[in-house]
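Asks: Sequence:
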Amino acid sequence: MAYRRSYSLSLPIGLLSLFLTTNFIHLAAIPSATATAAAAATTTNVRLSVIRKPSKSLPAFREAPAFRNGEECTKDLVHVAMTLDANYLRGTVAAVLSILQHSFCPENIFFHFLWSHYDKEIYANIKTTFPYLRFKVYRFETNRVSGKISKSIRQALDQPLNYARIYLADILPMNVNRVIYLDSDIIVVDDIEKLWRVDLEGKVLAAPEYCQANFKRYFTDDFWTDPELQSTFKGRKPCYFNTGVMVVDVQKWREGGYSYKVEEWMAIQKQKRIYHLGSLPPFLLVLAGHIKGIDHRWNQHGLGGDNIEGKCRSLHPGPISLLHWSGKGKPWLRLDSRKPCPVDHLWAPYDLYISKKPILDG
1 MAYRRSYSLS LPIGLLSLFL TTNFIHLAAI PSATATAAAA ATTTNVRLSV IRKPSKSLPA
61 FREAPAFRNG EECTKDLVHV AMTLDANYLR GTVAAVLSIL QHSFCPENIF FHFLWSHYDK
121 EIYANIKTTF PYLRFKVYRF ETNRVSGKIS KSIRQALDQP LNYARIYLAD ILPMNVNRVI
181 YLDSDIIVVD DIEKLWRVDL EGKVLAAPEY CQANFKRYFT DDFWTDPELQ STFKGRKPCY
241 FNTGVMVVDV QKWREGGYSY KVEEWMAIQK QKRIYHLGSL PPFLLVLAGH IKGIDHRWNQ
301 HGLGGDNIEG KCRSLHPGPI SLLHWSGKGK PWLRLDSRKP CPVDHLWAPY DLYISKKPIL
361 DG
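Using the UniProt record's numbering, you'd call the opening residue of the sequence shown number 1 and step up by one each time.
One should not assume that every hint holds.
What the hints assert, rightly or not - The calculated DSBU-like cross-link candidates involving lysine-lysine, where the alpha carbons are at most 35 Å apart (straight line), are:
| id | residue 1 | residue 2 |
| --- | --- | --- |
| 1 | 75 | 148 |
| 2 | 75 | 194 |
| 3 | 75 | 136 |
Worth flagging that the hints you see were computed from the coordinates, not collected in a lab.
Please read these numbers as outputs of a predicted model, since none were measured by experiment.
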């Protein structure tokens, strides 16, 4: 039987901490029933076989159940953009499952996936894991940034696909006026439509702001000692925001030429090293102090630890709607190594990965 489940699961930190101490955590149990009912047609701009062939390199996943709209749902779409990459596919699958499972109107969610090259096995993974998913796949031309990327403190941040978020307005169809961009190392434990409907108040972008963070540490001394460069923040109060969770007014982004504005700072970085972290700092240079700040519950970030060692971190105080393993440590890698952090057990219930290794007791 095909069915839907919806939750409004923004849990207070005390309850989450209680779950963590039990070492047996299920924020939401994954339904085990197999979906059989027909669903709305899946949209894609590539013609590929959906018959999965054995892959030695890509993970295999269990089929997710179908999640259905309630009678109160309209037909208004919620657009979500994510990247597709073999190294992060397991995280993407978990993220998609969490979004569908906690959405009140899961059939209204339309996924826009960006990949750097044609890969029929990745497509087949998505199609067979989520047979009823509404999605479209787009090719991100990596040569757009290959000559613009400067080496950062972590190799994963230097991958061209990490910069695809800059070009969403150029890649997505013209009829998409708003999109939620999400990294692959997140899970959503609330109805994503709440995030979709935030009032941008005329701003081009909305995200949780962290004004208590040491903003200066995101840029080098060469930046702060150059009067012309540091003057970019004159007249505004810049705050840190994480680009792994953003609501973007795509139309305003196009009209304002923001892709080009970000590229300008990337060009300066190539001439004079003014920051250390991949695609984040140029976003801050262009938009910090000019975005719509939203509730912190929508990005409980930093759960992957720092960018060098990825040490364990605890949850921040307050209610949670989205958990984000930004940083070096990814939950699937730490779980597989049998050295998980406590917060990684919050991610585990959404993992559809079929392990090839025998399960050992103890």
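Asks: For every hint, state whether the structure bears it out.
Replies: Do the hints match the structure? See the list:
Annotation: proposed proximity of residue 75 to residue 148 is violated, straight-line Cα distance about 40 Å (limit 35 Å). Proposed proximity of residue 75 and residue 194 is supported: the alpha carbons are some 16 Å apart, at most 35 Å. The hinted pair formed by residue 75 and residue 136 meets the criterion: a straight-line CA distance of about 18 Å does not exceed 35 Å.
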